Amino acid sequence: AQSVAQPEDQVNVAEGNPLTVKCTYSVSGNPYLFWYVQYPNRGLQFLLKYITGDNLVKGSYGFEAEFNKSQTSFHLKKPSALVSDSALYFCAVREAGRRALTFGSGTRLQVQP
Amino acid sequence: DVKVTQSSRYLVKRTGEKVFLECVQDMDHENMFWYRQDPGLGLRLIYFSYDVKMKEKGDIPEGYSVSREKKERFSLILESASTNQTSMYLCASSSSFGGDNSPLHFGNGTRLTVT
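Chains A and B, in that order, are what the protein sequence lines are. Counting in this note's numbering, the first sequence tops out at residue 126, every number present. Counting in this note's numbering, the second sequence tops out at residue 136, every number present.
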């Protein structure tokens, strides 16, 4: 069965500092990995995905994520955080043969001015 | 731009009532999904549909059913609402064009309270 874990309920970072939001996954076979973001009072928005190829994936709003097969991780990163990045971030995974995503429990990112 | 519209932002229902949550998308997407979002649990898949009149159970289908009579509309039905179904319900759609890795487009959610 596919599953994903986000070990941190909340991440606090100062504006201008780099940020990392952690995600690990478990699948049978090759994983397809995604990050979504939920801003206050808004629906979830797609940020980026890893399907195959380069382990570093770039997405919207300056975010990127690094796929690490040996550590079964897909951490979300940004070199310089903005206050407007404060939101709820969800990692999701799909394994081959399954049609729908499984989401993690979410990590709240707070960027302090 | 893809628009996924959920008919109600807030709903309050009584225990035992039959509840309908409606979702409409305007991009001719084949795939539609219903998730519920609870603090600390993230999003959990209830049901999804990849074609009209087709449906598949997700991870937590108990107490729910769905209907997809038209391509653009996907309804979630709580046959007899219970207090443990108090939650935020999120509808999403995606195109089959990119395969099963096409991004999901979400509605703004319906916050259901069952008293």
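Since the hints were derived computationally from the structure, they do not count as laboratory data. Do not rely on the hints blindly, as some may be mistaken.
Stated by the list, open to error - DSSO-like cross-link-like pairs, simulated, lysine-lysine; straight-line CA separation at most 27 Å:
{"id": "1", "chain 1": "B", "residue 1": "Lys39", "chain 2": "B", "residue 2": "Lys76"}
{"id": "2", "chain 1": "B", "residue 1": "Lys34", "chain 2": "A", "residue 2": "Lys71"}
{"id": "3", "chain 1": "B", "residue 1": "Lys39", "chain 2": "B", "residue 2": "Lys92"}
{"id": "4", "chain 1": "B", "residue 1": "Lys78", "chain 2": "B", "residue 2": "Lys39"}
{"id": "5", "chain 1": "B", "residue 1": "Lys24", "chain 2": "B", "residue 2": "Lys76"}
{"id": "6", "chain 1": "A", "residue 1": "Lys71", "chain 2": "A", "residue 2": "Lys90"}
{"id": "7", "chain 1": "B", "residue 1": "Lys78", "chain 2": "A", "residue 2": "Lys62"}
{"id": "8", "chain 1": "B", "residue 1": "Lys76", "chain 2": "B", "residue 2": "Lys34"}
{"id": "9", "chain 1": "A", "residue 1": "Lys62", "chain 2": "B", "residue 2": "Lys24"}
{"id": "10", "chain 1": "A", "residue 1": "Lys35", "chain 2": "A", "residue 2": "Lys62"}
{"id": "11", "chain 1": "B", "residue 1": "Lys34", "chain 2": "A", "residue 2": "Lys62"}
{"id": "12", "chain 1": "B", "residue 1": "Lys91", "chain 2": "B", "residue 2": "Lys78"}
Given the structure is predicted, the values throughout are model-derived calculations rather than measurements.
Hints versus structure:
As the CA atoms of B:Lys39 and B:Lys76 are separated by approximately 20 Å, the hinted pair is consistent with the 27 Å bound. For the hint pairing B:Lys34 with A:Lys71, the CA-to-CA distance comes to about 43 Å; that exceeds 27 Å, so the pair is violated. Between B:Lys39 and B:Lys92, the direct Cα distance comes to roughly 23 Å. Compliance with the 27 Å bound is thereby established for this hinted pair. Only pairs whose Cα atoms come within 27 Å are accepted, and B:Lys78 paired with B:Lys39 is accepted, the gap being roughly 19 Å.
For the hint linking B:Lys24 to B:Lys76, the alpha-carbon distance of about 22 Å falls within 27 Å, and the restraint holds. Proximity of A:Lys71 to A:Lys90 is assessed by CA-CA distance (about 10 Å); at most 27 Å being required, the pair is judged to hold. Of the pairs offered as hints, the one joining B:Lys78 and A:Lys62 holds, with about 24 Å between alpha carbons and a cut-off of 27 Å not exceeded. Pair hint B:Lys76 plus B:Lys34 holds up; C-alpha atoms about 26 Å apart against a cutoff of 27 Å.
With a CA separation close to 21 Å, the supplied pair A:Lys62 and B:Lys24 stays within the 27 Å bound. Distance restraint check for A:Lys35 and A:Lys62: the Cα-Cα separation of roughly 15 Å lies within the 27 Å cut-off, and the hinted pair is therefore satisfied. Taking the CA atoms of B:Lys34 and A:Lys62, the gap is near 38 Å; set against the 27 Å cutoff, the hint is violated. Straight-line distance between C-alpha atoms of B:Lys91 and B:Lys78 comes to about 19 Å, which keeps the hinted pair within the 27 Å bound.
Checked against the numbered hints listed earlier, the structure breaks hints 2, 11; every other hint is satisfied.
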